[in-house]
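For the record, the sequence lines run as chains A and B.
Numbering-wise, the first sequence is residues 1 to 363 according to my numbering.
Numbering-wise, the second sequence is residues 1 to 517 according to my numbering.
Check the hints yourself; a few may be wrong.
[Claimed, not checked] Listed next, the in silico EDC-like pairs over lysine to aspartate or glutamate satisfying Cα-Cα at most 20 Å (straight line):
1) B/Lys272 x B/Glu143
2) A/Lys235 x B/Glu143
3) A/Lys224 x B/Glu369
4) A/Lys212 x B/Asp366
5) A/Lys212 x B/Glu369
6) A/Lys212 x B/Asp265
[What the hints assert, rightly or not] Label-pair distances were calculated between CB atoms; the ranges are:
7) B/Ser329 x A/Leu116: 52 to 60 Å
8) B/His29 x A/Val23: 31 to 39 Å
9) B/Gly113 x A/Ala227: 58 to 66 Å
10) A/Val11 x B/Gln87: 37 to 45 Å
11) B/Asn335 x A/Leu116: 49 to 57 Å
12) A/Ala227 x B/Gln87: 17 to 25 Å
13) B/Pro374 x A/Leu116: 49 to 57 Å
14) A/Ala227 x B/Gln332: 57 to 65 Å
15) A/Val321 x B/Tyr14: 31 to 39 Å
16) A/Val321 x B/Gly113: 15 to 23 Å
17) A/Leu20 x B/Val3: 32 to 40 Å
18) A/Val321 x B/Pro374: 38 to 46 Å
19) B/Phe115 x A/Ala15: 35 to 43 Å
20) B/Lys378 x A/Ala15: 51 to 59 Å
These aren't lab readings, by the way, just hints derived from the structure by calculation.
What you are looking at is a predicted structure, and each value in this text was computed from that prediction instead of being measured.
Even for Gly, the Cβ is constructed at its ideal location relative to N, Cα and C.
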Amino acid sequence: MNHKRFLYLDVIGIAASIVLAVVVGFIIIMMVSDEPLQAISSFLLGPFSTPFNLSTVFNKAVPLIFTGLALAVVFQSNVFSMGAEGQLYVGGFTGALAAAYIPGLPVWIHLPVILLCALAGGAMFGAIPGFLKSKWNANEIVTTLMLNYVGIISTSYLVNNWFKDPGSGGFARMQYFEKNLLLRKISDSFPVHYGFFIALLSVVVISVMLYKTRLGYELRLVGKNEAFARYGGIKTKRLIIYSVMISGALAGLGGIVEILGVHGTYKDNFSANLGFDGIIIALLARNNPVAVVIAALFYAYLQVGGQIMQAESDVSRELAVIIQVLLVLFVSAQAVFNYFKQRAVLKHSQSHATKGGKKDHVA
Amino acid sequence: MTVLLEMRNIHKTYPNGTIANRGVHLEVHEGEIHALVGENGAGKSTLMKILFGLEAPTSGEVYYKGSPVHFQGPRDAIKHGLGMVHQHFMLASSLTVSENIVLGDEPRKGPFGLFRDRGKEIQDIQSLVDRFGLKLDPNAVVEYISVGQKQRVEIMKVLYRGAKLIILDEPTAVLTPQETDELFDSLKTLVAQKYTIIFITHKLREVMEISNRITVLKAGQTIHTMLTKDTNKEEISRLMVGRDVLLRVEKKEQVLKETVLELRDVHANDAKGFPMLKDVSLAIRGGEIFGIAGVEGNGQRELVEVITGLIGATGGQVLYFNENILGKSIGQIRNMKIAHIPEDRQTTGACLTSTIEENLILDVYDHPEFRFGPFLRKKKLKEFAKVMMTTFDVRAASEETLAGSLSGGNLQKVVIAREIAKNPKLIIASQPTRGVDIGAIESIHREIVKRRDQGAAVLLVSAELSEIMSLSDRIGVLYNGELVAILNNTDDLTEQEIGYYMLGIKKAEKEVVPRES
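Pulled out of the complex, with its shape left as it was, chain A reads as follows:
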């Protein structure tokens, strides 16, 4: 059976989950709201109502593309990293240091240096659980979750105690970067920052890496069947480290792009779960780099819709969160897809059976 033949069923399955989640969300809106139609229309149409709202969707999707991509890569190598959040902070922090404290470079050198520092910071931090796994077989779910605390809290400590801008008051942040370092917007009426294109470029690079290079072939093979990869002479432990480093680098890049595109400096707690949302994005996208873009945009659309609904009706934005949660629930429930698949396959087989005819049968 060709592996592409049933791909559309996967897509139908995901679409069905989305519809189901949204329908359940609407039922809840109907129950809690006095103006349900207003709420639903704000939620669904709000993000498209003005160019500004639409640009918010894009801007919110940018960091999600990076973290979703980061997790899609490790998941493809069958490493269940939960560490994108910590890597995003560490990478963002190292990048921010380069932005704030390397003086006197021309922008066209300084900006690449900043991005490289972020990549390196994320990669180095990401390498730790990979190293622990390949050396002592430490469970990566536990190590990455724990290392998230290390990453988040130590960067928070550093920005609160060592690199705090005296003028920042209650919310610790570094000094604002020079204006020319910040990522520009497409236009004032449609203010999507150029980080979106960096994200798309990353998607292309990662797609090529995964499907067109030696490294990608080895990485996917290790993910699909480690015993087979080892038997084929692939150094599986080394590859696992590469995979978590690539993932960390992507998360770090996501951190610095978010800082340069939205915040203008390193702010304490700037992420708010971007790394964990990335897990959902990778799940929705079935670890496909291109689908990550669609999933991230959709996810951002839900978030923006929720905010607009809160502003324009009596329903709070938590309802959008409920829909997100339901979505995760439905998408992770493989049964939904399997049901559709089974039905299609069944039809296929029945049509075959009648064509084939039955052979005689002796009692």
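Assemble the complex: chain A is given as a structure, and chain B must be docked to it using the hints.
Frame of chain A, contents of chain B only:
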């Protein structure tokens, strides 16, 4: 004859799209041994799982003792008098024979049945032993009894639960010839006492010897049901495969070349650190097939893994063209024109969730001609995969087909294509035809012999004694990690003779392995 079981028009489609049964009919009479034969992937196992309530059929009916039944699971099936002896034993190895037999169904005594009634337990089991002539010590710990005895424990388990219809799934796969004979004796005793047996196998010799009637499955359909006395091996294999097959292997006159592989006093442990190979020495020359016979689990796996670098040795030397290859990486060894056909193609030999192409390119993708820097030359690789599929007759829609959707034989052809394509000087083939249909067995055997004729050295490890005997030039027997005999495969060598070595009853004088002659 009364009809005990009837399965009508059974269809089964798995969620992953595999169609295992598409209209199977099976009718089993009371008191017969009914052989269910078919190539791997013909749907035998699925049919039995459906019967036993382990899988629900997509459509179709099951009638047992004349009334429609729909078993909810093994427990339900057992309650109705069915029993299944699985190919892989399901025993608790640290418990005794009797504990294994009664497990989950122990006779009880005392208030609320709080205590096991050991006296009754032993008594029950002893009466079963006497009645069916199954020689077993109820107090022996399962870990220490032989494979044949373990199988008897499995049969006792189902008898103890009152089964009248017993399903045996490939029961002889792990047995020596002597143990097979004993099993057949037990089966005859059972049938004499009105028990009914469904015997699943693909060994035609056994079908002819033991069964009363035969049902042949092919590609998920019932092809034919017939009386054993009205048919012969050739007809059955024709029905299974769809054409006459050559069961003999033609070999050319042997032309021996230089020594390719030599093992000197090799020791190795298994994953738990338990010594599995002791003092193994052998030498294989180009143009020679060296067969390793032995009951599974006597060090065959470790022997293969030491040579291919998957595990380390704890002592000795492995010489390949006089160069010690112990300590070299798996990749280095693979690049030395050493082919490895692993025993488990589902997990080690192939990646089922990858495409055929991705499976075939494992050895070539990093060769300079298939690369441009870090990038793969996708077109060339695709071309390569296509050529390999035609050369080795891999039957699939395209090179993009998932390996997991191939039948056992076709998948093994993919493995062999990949391994043979590098023109190996040494071929390590472990169970190369296990679970493979007759048509594919034939082509795999021909390929191995062809390579031998061209001067490659072959180490053939197989649990099928007939395979070892029909292909090998010399035969080594592994027993308990030791190479207890190295025999020339002459015409007067019998299965019985090898069987004695396999069981450890006989042991050859420690001979000096001829190094150069």
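Hint by hint, here is what the structure shows:
1. B/Lys272 x B/Glu143: holds (16 Å)
2. A/Lys235 x B/Glu143: With Cα atoms ~36 Å apart, A/Lys235 and B/Glu143 exceed 20 Å; violated.
3. A/Lys224 x B/Glu369: violated (26 Å)
4. A/Lys212 x B/Asp366: holds (12 Å)
5. A/Lys212 x B/Glu369: holds (15 Å)
6. A/Lys212 x B/Asp265: Violated, at roughly 45 Å.
7. B/Ser329 x A/Leu116: 52 to 60 Å: violated (33 Å)
8. B/His29 x A/Val23: 31 to 39 Å: With Cβ atoms ~56 Å apart, the hint is violated.
9. B/Gly113 x A/Ala227: 58 to 66 Å: violated (46 Å)
10. A/Val11 x B/Gln87: 37 to 45 Å: 39 Å Cβ-Cβ, so the 37 to 45 Å window holds.
11. B/Asn335 x A/Leu116: 49 to 57 Å: violated (36 Å)
12. A/Ala227 x B/Gln87: 17 to 25 Å: The hinted range 17 to 25 Å holds for A/Ala227 and B/Gln87, with Cβ atoms some 21 Å apart.
13. B/Pro374 x A/Leu116: 49 to 57 Å: Given a distance of about 19 Å, which is not inside 49 to 57 Å, the answer is violated.
14. A/Ala227 x B/Gln332: 57 to 65 Å: violated (19 Å)
15. A/Val321 x B/Tyr14: 31 to 39 Å: The hint (31 to 39 Å, Cβ to Cβ) holds, given that A/Val321 and B/Tyr14 are roughly 37 Å apart.
16. A/Val321 x B/Gly113: 15 to 23 Å: The hinted range 15 to 23 Å is violated for A/Val321 and B/Gly113, with Cβ atoms some 53 Å apart.
17. A/Leu20 x B/Val3: 32 to 40 Å: The hinted range 32 to 40 Å is violated for A/Leu20 and B/Val3, with Cβ atoms some 48 Å apart.
18. A/Val321 x B/Pro374: 38 to 46 Å: holds (42 Å)
19. B/Phe115 x A/Ala15: 35 to 43 Å: violated (59 Å)
20. B/Lys378 x A/Ala15: 51 to 59 Å: violated (30 Å)
Hints 2, 3, 6, 7, 8, 9, 11, 13, 14, 16, 17, 19, 20 from the list above are not met by this structure, while the remaining hints are.
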